[in-house]
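**Q** Position chain G against the provided structure of chain S, taking the given hints into account.
2 protein chains.
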Amino acid sequence: MRGKILGLLKKHSGNAVSGQEMAQYLGVSRIAVWKQIQSLKKLGYQIQSRRKSGYILGTAPDLLLPEEIKHGLKTRKLGTKIYYLPVIDSTNDYAKKLAQAGAPEGTLVIAEKQTRGRGRLGHEWFSPTGQNIYMSLVLRPNLHPAQAVRITLLTGVAAALAVKNYCGIDLGLKWPNDLLVAGKDHKKAGGILTELGAESDRINYVVLGLGLNVNMRVSSLPGEVRKKAASLMESMKPIAKINRVELLQAILLQLEIQYQLFLSGGWDKIIENYRRLDTLKGRRVNVKQGNEMVSGQVAGMDNEGRLLVRSGAKTQSVIAGEVHIV
Amino acid sequence: MRGKILGLLKKHSGNAVSGQEMAQYLGVSRIAVWKQIQSLKKLGYQIQSRRKSGYILGTAPDLLLPEEIKHGLKTRKLGTKIYYLPVIDSTNDYAKKLAQAGAPEGTLVIAEKQTRGRGRLGHEWFSPTGQNIYMSLVLRPNLHPAQAVRITLLTGVAAALAVKNYCGIDLGLKWPNDLLVAGKDHKKAGGILTELGAESDRINYVVLGLGLNVNMRVSSLPGEVRKKAASLMESMKPIAKINRVELLQAILLQLEIQYQLFLSGGWDKIIENYRRLDTLKGRRVNVKQGNEMVSGQVAGMDNEGRLLVRSGAKTQSVIAGEVHIV
Chain S
1 MRGKILGLLK
11 KHSGNAVSGQ
21 EMAQYLGVSR
31 IAVWKQIQSL
41 KKLGYQIQSR
51 RKSGYILGTA
61 PDLLLPEEIK
71 HGLKTRKLGT
81 KIYYLPVIDS
91 TNDYAKKLAQ
101 AGAPEGTLVI
111 AEKQTRGRGR
121 LGHEWFSPTG
131 QNIYMSLVLR
141 PNLHPAQAVR
151 ITLLTGVAAA
161 LAVKNYCGID
171 LGLKWPNDLL
181 VAGKDHKKAG
191 GILTELGAES
201 DRINYVVLGL
211 GLNVNMRVSS
221 LPGEVRKKAA
231 SLMESMKPIA
241 KINRVELLQA
251 ILLQLEIQYQ
261 LFLSGGWDKI
271 IENYRRLDTL
281 KGRRVNVKQG
291 NEMVSGQVAG
301 MDNEGRLLVR
311 SGAKTQSVIA
321 GEVHIV
Chain G
1 MRGKILGLLK
11 KHSGNAVSGQ
21 EMAQYLGVSR
31 IAVWKQIQSL
41 KKLGYQIQSR
51 RKSGYILGTA
61 PDLLLPEEIK
71 HGLKTRKLGT
81 KIYYLPVIDS
91 TNDYAKKLAQ
101 AGAPEGTLVI
111 AEKQTRGRGR
121 LGHEWFSPTG
131 QNIYMSLVLR
141 PNLHPAQAVR
151 ITLLTGVAAA
161 LAVKNYCGID
171 LGLKWPNDLL
181 VAGKDHKKAG
191 GILTELGAES
201 DRINYVVLGL
211 GLNVNMRVSS
221 LPGEVRKKAA
231 SLMESMKPIA
241 KINRVELLQA
251 ILLQLEIQYQ
261 LFLSGGWDKI
271 IENYRRLDTL
281 KGRRVNVKQG
291 NEMVSGQVAG
301 MDNEGRLLVR
311 SGAKTQSVIA
321 GEVHIV
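Chains as they are written, first to last, in the numbering used here: chain S, 1 to 326; chain G, 1 to 326.
A hint or two may mislead.
Any copy, or any two copies together, can satisfy a pair, since identical chains are not distinguished.
Claimed, not checked - Result set (BS3-like, lysine-lysine): computed pairs, CA atoms no more than 30 Å apart in a straight line:
(1) Lys187 - Lys281
(2) Lys97 - Lys77
(3) Lys269 - Lys4
(4) Lys77 - Lys288
(5) Lys35 - Lys70
(6) Lys35 - Lys4
(7) Lys269 - Lys288
Honestly, the hints are just simulated from the structure, not real lab data.
If we strip away everything but chain S, and leave its shape as in the complex, we get (with noise of 0.2 Å):
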């Protein structure tokens, strides 16, 4: 309801709607318009009340407010259903909460803060309040576990096509799960953690997290982070505010269209725009895989996504490690 109101106050946007057409409207009391006004204005919105025309919507609050997040998403699955949180330890642990208990495909979860943000291995990930974007998806594909590492493979690129389009950003992609922004530095401006729920050859659900920093200011960080980390923001040129609404209705708009090309035997057009926005081709890295530790010069992907990593004359693939650039 509070989002219909909402809805319709932005559809006269400038203009006054009147408390008595819009409970009429909604088939509801014009108390109940009133308090969901009032429930509005809770969380930020500039409403003002005419007392003859009505009610005139102002500024929105700075938040990622589902009924902001639903209108004009063009999706139609990813984010159909929103659990919004003002501060949760991990949107990936909410999120994998939710596919346990039979959360449909596309469910998905946003936190304006976290406290226990997570990256892959366990590592941190840095998750200040209001200003970044924190969020989870539980998607359910048909797939053998073997394949949930395309899952991430295809966000990066997800993400990046729609960083690109949306702010004009150029960020690259380093194996298998950071978002860099492009630069003689490569700063990570952004992580995806894909973790699963599966039988042994089957995936029951995955949950995709995905932490972008968006307006964070980097020197807000605490010493080891701000070296290596950027924000989007910081790497418009001027330096501008973004938007995170709009910037996450681009994100669940391409990552759907490159999860639907995935599932409908696109991969290969999906791998190929990851070499294009691929970094670590050429460089010389140590990749921990497990105990053992590869090193040589990046020579590319494979089709299957796997690190092609060459020493003398020899390639090895690596199918999971952190990747150190030497």
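**A** Just chain G, lined up with the frame of chain S:
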């Protein structure tokens, strides 16, 4: 404490142990000993109390109690922590919750009865009370999710070896997860359900479920299931009730052996054993792999554990699926 008292009684089997001595030995009061004796009696242990000489242990109840399983268990890791549940919806679901809460490798869940026992692909696993084995183990191998299916395969090998050793019954394996009683009709005596929680490129936990029809009368099953089911007891010649505790101990030991063999690079030996136990080779099958149907004659298994299905000049390797014998 209860386990320790039971241990003392077992050590002196047939002879009385005085409550006074046990209390001293364990550093507790005689009342405390008496309370534990009452608790053991409640579980079904027959214990005689003799005024002068003390307590004499009679027969044990036919239950998979942790005290019984641990007594004489030869494993180093598997089953060192046991959760015993007279009734549970599903031992795998219970073990998954434990795994998510951080339960260590080797944690064992045992139930006398499951109300919603599951097999692969959501199939029901009929789980009547007190006659069979329903167990789930938490494992934490440092593996890629693609390798989880090997846990299923090695469990089949371990269960078949343990049943052969302990009961003298030849089991056959039906790829990937069924345990059959060898013979011309190949009825199902057990099944394996391997589930995992993972990041896209590394396993966080595996829950390894095994259901085994031990002392059940197949005639007690509902019609449809009855036709395809077998129990170990009814496969003994002559028919004989099996000591579930000792069989379970044998299975845990074999599982630990095969699991350690796998982790230390001995996969080839495991797959060799699987091939020896395989019942599908040469059979004409239809395999449903996702939305695809693969038909032909089974040529065997490759070294990765994939089923090879030959049709004319073409051989397809099947990574996952449901096999129907034509």
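**Q** Now tell me if each hint is right for this structure.
**A** Cross-check of the supplied hints:
no., hint, result
1, Lys187 - Lys281, "within (17 Å within a copy, 54 Å between copies)"
2, Lys97 - Lys77, "both (20 Å within a copy, 29 Å between copies)"
3, Lys269 - Lys4, "neither (39 Å within a copy, 64 Å between copies)"
4, Lys77 - Lys288, "between (37 Å within a copy, 27 Å between copies)"
5, Lys35 - Lys70, "within (21 Å within a copy, 63 Å between copies)"
6, Lys35 - Lys4, "within (13 Å within a copy, 65 Å between copies)"
7, Lys269 - Lys288, "both (28 Å within a copy, 27 Å between copies)"
Hint compliance for this structure: hint 3 is the single one not met.
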